[in-house]
Amino acid sequence: MSLIKPFILFLRNSIGTITSPYVAYRQISQIGQDKRQIIFIHLLIFFYFLLTSVLKIGLKNPFLLTVKFNSLYFSVYLGFALMLCLFYLGYRLLSSQTFPFVRIILLWSYSLWPTLFWFFTTSFFYLILPPPRSISYPGKLYSLSYLAFSLTLLFWKSILYYLTLRFGLRFDLFKIILISLIIIPLVFVYSIFMYRLGIFKIPFI
Amino acid sequence: MKNDYFYQRLVDKMQQMAVIPPQTVGPLTPLYKRLVPQFKFFPFKILIPASFVAIIFAYLIFGLKLVKLASLLQLSF
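So the sequence lines, in the order shown, correspond to chains A and B. Here the numbering used here is used: the first residue of the first sequence is 7, the next is one more, and so on. Here the numbering used here is used: the first residue of the second sequence is 2, the next is one more, and so on.
Be aware that a few hints might be false.
[As the list claims (entries may be wrong)] Computed list of lysine to aspartate or glutamate pairs in DMTMM-like fashion (alpha-carbon distance at most 25 Å, straight line):
| # | chain 1 | residue 1 | chain 2 | residue 2 |
| --- | --- | --- | --- | --- |
| 1 | B | Lys14 | A | Asp178 |
| 2 | A | Lys41 | B | Asp13 |
| 3 | B | Lys34 | A | Asp178 |
No wet-lab data here; the hints were simulated from the structure.
So here's chain A without its partners, still in its complex pose (with noise of 0.2 Å):
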């Protein structure tokens, strides 16, 4: 089975969730799109937990390490899960059309880009610059830049969870801003869950 096909198709949308993201989205929404491609994103995700478990735990405690990244993994498929289910619950309550599972977890596994990048940097600049800031002008220019680009990869996510609604499920605006309005409040209460457990402060969605 070979994988180039479905790594270039990666690669391809991927650009295009950064370059174009609207022509992307509905390039991976069209019928027929090879599945395979998620595969990627989802080892990806793997990876970055499996490292950041180390980050955390260290290689002294090879059952802590374990329960840790367990965990943690467990936790971003439940999140993907809740997300799905709260996609289905828009289906069920504004759509008239056969619920498109496989474009919606197309669509949503691409989502997770600005997630993934947000965690990856947070973690590399954990390693390079460990917090506290201080409040001096180096402190206040690296807490002000890094602030702005997490907004940035949370605009961008919203962008892309946008699309996700408006090609995955064919919504338009009003329906979109509709259904946010249940969603957004049971992924808070789903934020509050994780960091209440321990497992996310900010949750992997």
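Fit chain B to the supplied structure of chain A, relying on the hints for placement.
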């Protein structure tokens, strides 16, 4: 014409573009049509300056609390 490769690609492209109807927002549609293309093609050219402007405004309002927020976020991975 039916066997023409480029014609078929053009038809496929037009069908792809027509998969969802154009978005309208009533009387705000002209404004919407001017704003949205900025986000369709390389949205970072507007997202990055917008983020910096938003953070500068937030700094003017909240001051050093943003430094604490940055420290908290750095521990949130």
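TODO: Starting from Lys41/A, check that the Cα of Asp13/B is at most 25 Å away, please.
DONE: holds (20 Å)
Open item on the list: Hinted pair, alpha-carbon criterion (25 Å max): Lys34/B, Asp178/A. Please report holds or violated.
Closed with: Holds, at about 14 Å.
Task: Restraint check for Lys14/B with Asp178/A, where alpha carbons must lie at most 25 Å apart - done: Cα-Cα ~21 Å, so holds.
In summary, the structure agrees with every hint in the numbered list given earlier.
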